[in-house]
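The task is simple: from the sequences and hints, build the whole structure.
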Amino acid sequence: MDAILLQILNGLDKGSAYAMIALGLTLIFGTLGVVNFAHGALFMIGAFCAVTMQRIFGMSFETVDPNQKDFLGNPLKVKTPYLESWFGPETGAAIIDWSVPLAILFSIPIMLIVGYVMERGLIKHFYKRPHADQILVTFGLAIVLQELVKHFFGANPIPTGAPEVFKGSFDFGVLMGFDPNVIIYPYWRMVYFFFAAIVIGAVFAFLQFTTFGMVVRAGMQDRETVGLLGINIDRRFTIMFGIAAAVAGLAGVMYAPINSPNYHMGMDFLVLSFVVVVVGGMGSLPGAVLAGFMLGILESFASMNWIKSMVPGIDQIIIYLVAIIILLTRPRGLMGRKGVMEE
Amino acid sequence: MLGLNKKDTRFLLIVVALTMATPILLQPFPEGSGLAQFNAGYPDLMQRFAIFGIFAIGFNILFGLTGYLSFGHAAFLGIGSYSVVWMYKLLDYNVIYGLPLAIVMSGIFALLIGYISLRRSGIYFSILTLAFAQMSFNLAYSVLTPITNGETGLQVYTNDPQVLLGATEPRSPHFFGIVMNNSSKVNVGDWVFTFNNGYYFCAVIAILAFYLSLRIFRSPFGLMLRAIKSNQQRLNYTGLNARPYTLAAFVISGMYAGLAGGLMASMDPLAGAERMQWTASGEVVLMTILGGVGTMMGPVLGAGVIKYMENIFSKINDQVLHGWFGWMPDGLEDFVIGISHFFVGKSWHLTSGLLFMIVVIFLPGGLVEGGQRIRAMFAKKRGDDDDDPKHQPKQAPHVAE
Amino acid sequence: MGILEVKGVGKRFGGLQALGDVNLSVQQNTVHAIIGPNGAGKSTLLNCFVGKLIPDTGSVMFDGQSVLGRSPHEINQMGISRVFQTPEIFSDLNVMENMMIPCFAKRDGAFRLHAFEGVENEKELVEKAEQMLIDVNMIDKRFMHAASMSRGDKRRLEMAMCLVQEPKLLLLDEPTAGMARADTNNTIDLLKEIKEKRDITMAIIEHDMHVVFSLAERITVLAQGTPLVEDTPENIKGHPKVREAYLGEAH
Numbered sequence: 001m002d003a004i005l006l007q008i009l010n011g012l013d014k015g016s017a018y019a020m021i022a023l024g025l026t027l028i029f030g031t032l033g034v035v036n037f038a039h040g041a042l043f044m045i046g047a048f049c050a051v052t053m054q055r056i057f058g059m060s061f062e063t064v065d066p067n068q069k070d071f072l073g074n075p076l077k078v079k080t081p082y083l084e085s086w087f088g089p090e091t092g093a094a095i096i097d098w099s100v101p102l103a104i105l106f107s108i109p110i111m112l113i114v115g116y117v118m119e120r121g122l123i124k125h126f127y128k129r130p131h132a133d134q135i136l137v138t139f140g141l142a143i144v145l146q147e148l149v150k151h152f153f154g155a156n157p158i159p160t161g162a163p164e165v166f167k168g169s170f171d172f173g174v175l176m177g178f179d180p181n182v183i184i185y186p187y188w189r190m191v192y193f194f195f196a197a198i199v200i201g202a203v204f205a206f207l208q209f210t211t212f213g214m215v216v217r218a219g220m221q222d223r224e225t226v227g228l229l230g231i232n233i234d235r236r237f238t239i240m241f242g243i244a245a246a247v248a249g250l251a252g253v254m255y256a257p258i259n260s261p262n263y264h265m266g267m268d269f270l271v272l273s274f275v276v277v278v279v280g281g282m283g284s285l286p287g288a289v290l291a292g293f294m295l296g297i298l299e300s301f302a303s304m305n306w307i308k309s310m311v312p313g314i315d316q317i318i319i320y321l322v323a324i325i326i327l328l329t330r331p332r333g334l335m336g337r338k339g340v341m342e343e
Numbered sequence: 344m345l346g347l348n349k350k351d352t353r354f355l356l357i358v359v360a361l362t363m364a365t366p367i368l369l370q371p372f373p374e375g376s377g378l379a380q381f382n383a384g385y386p387d388l389m390q391r392f393a394i395f396g397i398f399a400i401g402f403n404i405l406f407g408l409t410g411y412l413s414f415g416h417a418a419f420l421g422i423g424s425y426s427v428v429w430m431y432k433l434l435d436y437n438v439i440y441g442l443p444l445a446i447v448m449s450g451i452f453a454l455l456i457g458y459i460s461l462r463r464s465g466i467y468f469s470i471l472t473l474a475f476a477q478m479s480f481n482l483a484y485s486v487l488t489p490i491t492n493g494e495t496g497l498q499v500y501t502n503d504p505q506v507l508l509g510a511t512e513p514r515s516p517h518f519f520g521i522v523m524n525n526s527s528k529v530n531v532g533d534w535v536f537t538f539n540n541g542y543y544f545c546a547v548i549a550i551l552a553f554y555l556s557l558r559i560f561r562s563p564f565g566l567m568l569r570a571i572k573s574n575q576q577r578l579n580y581t582g583l584n585a586r587p588y589t590l591a592a593f594v595i596s597g598m599y600a601g602l603a604g605g606l607m608a609s610m611d612p613l614a615g616a617e618r619m620q621w622t623a624s625g626e627v628v629l630m631t632i633l634g635g636v637g638t639m640m641g642p643v644l645g646a647g648v649i650k651y652m653e654n655i656f657s658k659i660n661d662q663v664l665h666g667w668f669g670w671m672p673d674g675l676e677d678f679v680i681g682i683s684h685f686f687v688g689k690s691w692h693l694t695s696g697l698l699f700m701i702v703v704i705f706l707p708g709g710l711v712e713g714g715q716r717i718r719a720m721f722a723k724k725r726g727d728d729d730d731d732p733k734h735q736p737k738q739a740p741h742v743a744e
Numbered sequence: 745m746g747i748l749e750v751k752g753v754g755k756r757f758g759g760l761q762a763l764g765d766v767n768l769s770v771q772q773n774t775v776h777a778i779i780g781p782n783g784a785g786k787s788t789l790l791n792c793f794v795g796k797l798i799p800d801t802g803s804v805m806f807d808g809q810s811v812l813g814r815s816p817h818e819i820n821q822m823g824i825s826r827v828f829q830t831p832e833i834f835s836d837l838n839v840m841e842n843m844m845i846p847c848f849a850k851r852d853g854a855f856r857l858h859a860f861e862g863v864e865n866e867k868e869l870v871e872k873a874e875q876m877l878i879d880v881n882m883i884d885k886r887f888m889h890a891a892s893m894s895r896g897d898k899r900r901l902e903m904a905m906c907l908v909q910e911p912k913l914l915l916l917d918e919p920t921a922g923m924a925r926a927d928t929n930n931t932i933d934l935l936k937e938i939k940e941k942r943d944i945t946m947a948i949i950e951h952d953m954h955v956v957f958s959l960a961e962r963i964t965v966l967a968q969g970t971p972l973v974e975d976t977p978e979n980i981k982g983h984p985k986v987r988e989a990y991l992g993e994a995h
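Protein chains in written order, with the working numbering: chain R, 1 to 343; chain Y, 344 to 744; chain V, 745 to 995.
Just to be clear, a hint being listed does not mean it is correct.
Here are the simulated EDC-like pairs of lysine to aspartate or glutamate, each with C-alpha atoms no more than 16 Å apart in a straight line [said to hold, decoys possible]:
no.	chain 1	residue 1	chain 2	residue 2
1	Y	350	V	864
2	Y	572	V	864
3	Y	572	R	133
4	Y	349	V	864
5	Y	572	V	836
Computed beta-carbon distance windows for the label pairs [stated by the list, open to error]:
no.	chain 1	residue 1	chain 2	residue 2	range
6	Y	665	R	68	49 to 55 Å
7	Y	617	R	218	45 to 51 Å
8	Y	509	R	152	53 to 59 Å
9	R	167	Y	493	39 to 45 Å
Residues from chain V that keep clear of chain Y, each with C-beta distances beyond 12 Å, as calculated [claimed, not checked]:
no.	residue
10	794
11	808
12	918
13	954
Note that these hints are calculated values from the structure, not bench results. Glycine included, C-beta positions come from ideal geometry on N, C-alpha and C.
Here it is as structure tokens:
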């Protein structure tokens with residue numbers, strides 16, 4: 001029982017990331033009918049927003065401290081972040097410490113702009129082209145974005161810390177009445193899960209309760225009719241693309257402390273996210289979220305030792321295996337609508 | 344000749360001539376000149392031209408003819424490599440055992456993966472192949488370590504059985520004594536030409552592969568594959584079953600990929616799992632599109648361009664750039680070099696990504712189409728007024744062009 | 745005993761009874777038209793013949809064998825060719841290549857790994873395809889890209905592709921739908937020509953009366969999923985039931 005609970009918890013953070021990326025993919029796919037292979041790159045850009053924020057906040061100047069000497073006997077040079085000198089050491093250090101959560105604010109406008117530029121500059125011209133062309137051009141774009149990031153940030157993963165408060169783990173087991181140290185769970189992962197829940201909830205609420213969302217949903221069902229009503233559906237879809245980009249970006253920002261961002265993390269997540277979308281059912285938003293969490297948790301179950309000893313290597317392939325089985329037995333995925341991408 | 348019509352025979356002969364003369368053609372600049380770094384006539388690179396040419400030719404039989412976009416062909420590349428290295432380990436360094444095995448093994452895997460993946464089409468097919476390739480890649484890295492040697496990569500150790508290894512036999516890959524690594528250098532004036540055994544071995548196989556693919560393109564089978572891409576519904580109502588045709592195309596292209604992977608291991612007796620990653624599949628897609636999907640020459644051309652760029656662009660470093668832009672005023676020089684950094688050296692992938700995007704956006708027919716357009720432009724300038732396009736029925740483009 | 749025997753065919757889509765108890769017999773070497781107002785179930789019925797739909801009840805026998813449960817390519821191999829409402833051709837290929845595909849299908853069956861023989865070297869089939877193109881007056885367009893042809897030519901090509909298979913039964917699904925009057929007349933002439941030149945059985949689904957009465961030898965009138973009457977054109981014209989159900993609305 002405790003082991004099961006632990007695996008569910010362990011699957012939640014990856015599941016959250018899958019769900020958020022797949023949600024964005026589905027939004028783009030459902031509204032624009034475009035298969036976006038660059039979506040993983042957006043996730044990666046989000047993560048590097050967090051890295052950039054940390055670097056900006058960490059910018060410092062050097063002063064010579066006459067009272068201290070280094071081991072050669074020269075006066076010691078001390079680095080002081082600008083923030084600490086401006087706001088005082090305590091406030092400054094706190095801001096630096098919280099740079100990842102603060103990067104959220106910084107990343108939203110950036111991701112919206114990136115999404116907007118991408119849609120207007122490139123994707124727009126591919127609405128009428130075959131899906132294979134869409135895949136190819138966004139795949140090319142993903143390579144370009146990935147290489148740009150590599151150019152600026154290098155090829156190595158960049159450790160990006162969560163705020164001090166969230167370091168360490170929480171003994172979940174005690175709360176549930178198990179022995180101590182059986183189910184421990186890092187605080188930040190919990191934060192990530194709640195954050196994902198809020199973002200996903202916000203997207204659904206937005207689609208459900210605003211007129212904008214209603215039009216978009218109607219457009220997903222039947223684009224032409226909505227267009228005939230005199231509503232500028234294209235402009236809304238552009239905004240939708242921006243929102244999808246922002247969701248992927250946010251997923252990336254908050255993921256930075258869990259796994260140190262590197263330039264190819266986008267590609268790694270992209271493949272899995274596509275699998276998630278397909279399993280959930282092309283064009284189904286709840287399907288994407290459900291499948292994201294399901295596959296995340298399934299993956300963590302498969303990595304349990306006794307399962308691995310029973311079926312060696314199952315943890316490496318479980319997601320793909322599930323995807324293949326679902327695609328063959330339930331071609332529309334778990335919650336897919338009829339006729340999406342079917343010839 | 345050889346079951347080809349005149350035009351194709353001429354085409355094939357040109358390809359043979361070009362392939363044979365590659366070590367000379369790719370060394371246009373004399374040794375020691377400033378442009379020598381653009382020479383591509385060294386064995387390692389030429390081998391890769393031929394090998395990736397084969398890979399792309401095979402991929403084109405599937406994607407170019409039927410339109411089914413596979414993102415999993417790198418898996419077959421890996422299977423081919425592993426097969427060949429295993430034959431080194433068990434028998435000896437003669438590639439004659441490994442290469443047929445590479446083709447057979449990749450064919451079997453392609454049959455299996457294709458049989459399942461081809462139940463769906465469009466993007467679902469792409470994702471199924473992607474899933475299979477990633478599965479193979481992950482397994483090669485983890486539980487299959489006894490077969491693949493995991494991250495280290497599979498290689499030959501001194502304590503391997505190598506039961507057929509003779510005392511005088513070369514200790515590196517060879518074909519009945521022709522050692523792949525050996526080359527003869529010829530100096531002509533300032534020019535140095537390297538004629539490498541490995542390259543010629545690959546080149547002969549590549550020509551064979553090209554010839555077979557040419558025959559397939561011209562055959563009823565090839566016609567059916569193009570019909571599948573064009574209108575599957577009409578094909579079904581014309582009494583033809585699309586699935587065995589696509590499956591056959593998938594298996595053939597998988598075997599080409601396996602052969603290419605086997606040749607990689609024939610040049611360098613090593614096989615690593617990274618060869619199977621889906622981005623490696625992406626690379627062959629890139630080559631095919633860049634050159635011109637569905638054309639005979641395109642994929643080979645694309646493979647050449649990508650591999651050339653990979654080698655030459657990635658070699659351009661600061662020193663070289665300073666040499667080029669040294670005549671500029673200092674500030675401007677630094678600026679230009681800073682910009683160039685995005686595209687050369689370690690960042691050459693950016694260049695290939697951009698090139699790829701440009702081709703997909705503006706030139707869906709790839710470089711081959713580009714060439715045709717330029718030729719058409721010149722033809723017009725020469726003033727062939729008598730064939731007024733309006734009164735001539737539009738001729739279908741010939742696939743060979 | 746007709747070449748196509750339809751007995752008690754019924755098909756339901758959810759709550760809608762698209763076809764109910766259809767009985768029909770198409771005789772050899774006749775042109776049999778199936779007419780009826782929109783929504784009468786003509787297309788549904790046709791789809792039951794070619795394997796696109798499987799009826800809930802009843803049987804469809806072609807040449808003594810049941811077609812039910814077979815896939816479209818198997819049914820075509822039995823001898824049924826189909827012309828679509830909007831011409832379905834291989835638009836990326838040229839006219840001659842379009843013609844060669846049915847020739848191969850007829851000779852080699854549903855699949856043959858025929859990878860090393862040049863298409864051009866199949867002299868017999870090339871001749872056959874060319875002869876067919878001469879018959880439909882398209883020989884001068886044989887190297888034309890199919891996508892760049894006019895709609896009328898596409899229709900002509902599609903019929904040629906079906907005819908070159910020498911089908912035992914040719915199904916035509918509203919072959920003149922959406923055509924201008926001149927094009928319609930051309931199509932009628934083409935079909936008449938075809939009928940004169942060779943023994944062929946055709947089943948036409950059509951709602952253009954002009955087409956039906958110029959071609960058909962037998963007519964079945966379908967209304968609300970059931971056959972109303974089956975008779976010769978002369979008798980159909982004057983039939984009160986048909987006037988009521990169909991012609992009355994049309995004129």
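Hints, verified against the model:
{"no.": "1", "hint": "Y:350 / V:864", "result": "holds (13 Å)"}
{"no.": "2", "hint": "Y:572 / V:864", "result": "violated (21 Å)"}
{"no.": "3", "hint": "Y:572 / R:133", "result": "holds (14 Å)"}
{"no.": "4", "hint": "Y:349 / V:864", "result": "holds (12 Å)"}
{"no.": "5", "hint": "Y:572 / V:836", "result": "holds (8 Å)"}
{"no.": "6", "hint": "Y:665 / R:68: 49 to 55 Å", "result": "violated (41 Å)"}
{"no.": "7", "hint": "Y:617 / R:218: 45 to 51 Å", "result": "holds (46 Å)"}
{"no.": "8", "hint": "Y:509 / R:152: 53 to 59 Å", "result": "holds (55 Å)"}
{"no.": "9", "hint": "R:167 / Y:493: 39 to 45 Å", "result": "violated (33 Å)"}
{"no.": "10", "hint": "794", "result": "violated (7 Å)"}
{"no.": "11", "hint": "808", "result": "holds (19 Å)"}
{"no.": "12", "hint": "918", "result": "holds (16 Å)"}
{"no.": "13", "hint": "954", "result": "holds (27 Å)"}
Violated hints, in rising order: 2, 6, 9, 10; the structure is consistent with all others.
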